[in-house]
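Residue numbers (my numbering), protein chains in the order written: chain Z, 190 to 292; chain W, 256 to 485.
Treat the hints with care, since some could be wrong.
[Said to hold, decoys possible] With the C-beta cut set under 7 Å, the calculated list includes, among others, these residues of chain W facing chain Z:
| hint | residue |
| --- | --- |
| 1 | Ser303 |
| 2 | Phe310 |
| 3 | Gly317 |
| 4 | Val324 |
| 5 | Arg337 |
| 6 | Thr372 |
| 7 | Leu426 |
| 8 | Ala438 |
| 9 | Val441 |
[Claimed, not checked] Now the stretches of chain W that chain Z is said to cover, found in silico as 3 or more residues with beta-carbon under 8 Å:
| hint | stretch |
| --- | --- |
| 10 | 270-276 |
| 11 | 405-419 |
If you are wondering where the hints come from, they were derived from the structure by calculation, not from laboratory data.
We put the beta carbon where it would ideally sit given N, CA and C, even for glycine.
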Amino acid sequence: MDIWLGILIASAAVYSWKILGFLVPSSVLNHPTVSRIASLLTVALLAALLGVQGLTAGGQIELDARIPAIGVAAILLYFRVPFVVMVAAAALVAALLRLWFGL
Amino acid sequence: MAKQSSVTSISIGVGLATGVYGISFGALSVAAGLDIWQTQVLSLLMFSGGSQFAFVGVLAAGAVGGVGVGAAVVSAWLLGIRNGFYAVRMAPILNRVGLGKLIPALLTIDESTAVATSQSDSKDQVKGFWLTGTAVFVFWNLMTLFGAVLGDALGDPRAWGLDAAAAAAFLGLLWPRLVERQALAVGAAALLIATITTPVLPAGVPVLLAGVAAVVVGAFNWLAPKAVKN
Numbered sequence: 190m191d192i193w194l195g196i197l198i199a200s201a202a203v204y205s206w207k208i209l210g211f212l213v214p215s216s217v218l219n220h221p222t223v224s225r226i227a228s229l230l231t232v233a234l235l236a237a238l239l240g241v242q243g244l245t246a247g248g249q250i251e252l253d254a255r256i257p258a259i260g261v262a263a264i265l266l267y268f269r270v271p272f273v274v275m276v277a278a279a280a281l282v283a284a285l286l287r288l289w290f291g292l
Numbered sequence: 256m257a258k259q260s261s262v263t264s265i266s267i268g269v270g271l272a273t274g275v276y277g278i279s280f281g282a283l284s285v286a287a288g289l290d291i292w293q294t295q296v297l298s299l300l301m302f303s304g305g306s307q308f309a310f311v312g313v314l315a316a317g318a319v320g321g322v323g324v325g326a327a328v329v330s331a332w333l334l335g336i337r338n339g340f341y342a343v344r345m346a347p348i349l350n351r352v353g354l355g356k357l358i359p360a361l362l363t364i365d366e367s368t369a370v371a372t373s374q375s376d377s378k379d380q381v382k383g384f385w386l387t388g389t390a391v392f393v394f395w396n397l398m399t400l401f402g403a404v405l406g407d408a409l410g411d412p413r414a415w416g417l418d419a420a421a422a423a424a425f426l427g428l429l430w431p432r433l434v435e436r437q438a439l440a441v442g443a444a445a446l447l448i449a450t451i452t453t454p455v456l457p458a459g460v461p462v463l464l465a466g467v468a469a470v471v472v473g474a475f476n477w478l479a480p481k482a483v484k485n
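Could you build all of it, start to finish, from the sequences and the hints given here?
Below is the structure:
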């Protein structure tokens, strides 16, 4: 699939949830099982993306400078540092470790 | 919400703070191989941070062809599901009819819903939704462009640690959701499943497989928080 086509379909797909919530009666989406699955699904997808983005490269498991960078990000999140600062700090840690130690 | 901070200043503040991390989205999207236009269109049309990061994250993991882009589409779609629940909460507050629902639907995201629903006065709820939604939309798109141009100028994403930044972005989106045992267990299992299956499955598919774990745990309500059981 072409990336442009993917962008348009994905955008429409994400919008479909938003407009659905305005159109359906609230009882449908307010069922406890439905809302529990939805919130756990969000957690699972984000955690999976964290694993793929942090621990794999080129389709293989690869442990490198990203791990200490994620550790620093976790510490900064614990101290409620703003998102963009935390992300930039993680990039800096990984970049410096690669520059100095070739990790 | 304290009366001394008006809904206007809260909305603009949230809009600025959220918009700023559009820089990271823009830079990471370009690092994932999308061009500046594709990156910008994602922020304009998809307009949901988690889904946008997921879409470019799956492509960054090497997803190509029908299966790869398809997996990116499905990941973005599934991560957008929470917006549907926000819309359910916003619909009676905004009370729009017909085509009047189209634009508020686009602006229904974490931040606009959070600001609106934390107001006690119903006029402030409506104002908070529109102001926050609009402010985030404007700043998010401006900062996306800035980040994309910046990322484009940087060159090799690995040398700048942008792959680590993408992982940190997912951790940051995940962090506030790890509030109880059930979410922690699902998160840990999903991370393991996606990582371990990456060498043997097409790129993008491990993320969706991990989503299955959440559906199973959620459907049977394993490790349920005690408060929910009664």
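Each hint, compared with the structure:
1. Ser303: The hint holds - serine 303/W has a Cβ within 7 Å of chain Z, the shortest such distance being about 5 Å.
2. Phe310: Constraint on phenylalanine 310/W satisfied, holds at 6 Å.
3. Gly317: It holds, given that the least Cβ distance between glycine 317/W and chain Z is near 6 Å, below 7 Å.
4. Val324: Nearest chain Z Cβ about 4 Å off; hint holds.
5. Arg337: Check passed: Cβ of arginine 337/W comes within 5 Å of chain Z, closer than 7 Å.
6. Thr372: violated (14 Å)
7. Leu426: Holds: closest Cβ of chain Z sits about 5 Å from leucine 426/W, inside 7 Å.
8. Ala438: Interface hint status for alanine 438/W: holds (5 Å vs cutoff 7 Å).
9. Val441: Interface hint status for valine 441/W: holds (5 Å vs cutoff 7 Å).
10. 270-276: Contact hint for the stretch 270-276 of chain W vs chain Z: holds, 3 residues under 8 Å.
11. 405-419: holds (count 7)
Checked against the numbered hints listed earlier, the structure breaks hint 6 alone; every other hint is satisfied.
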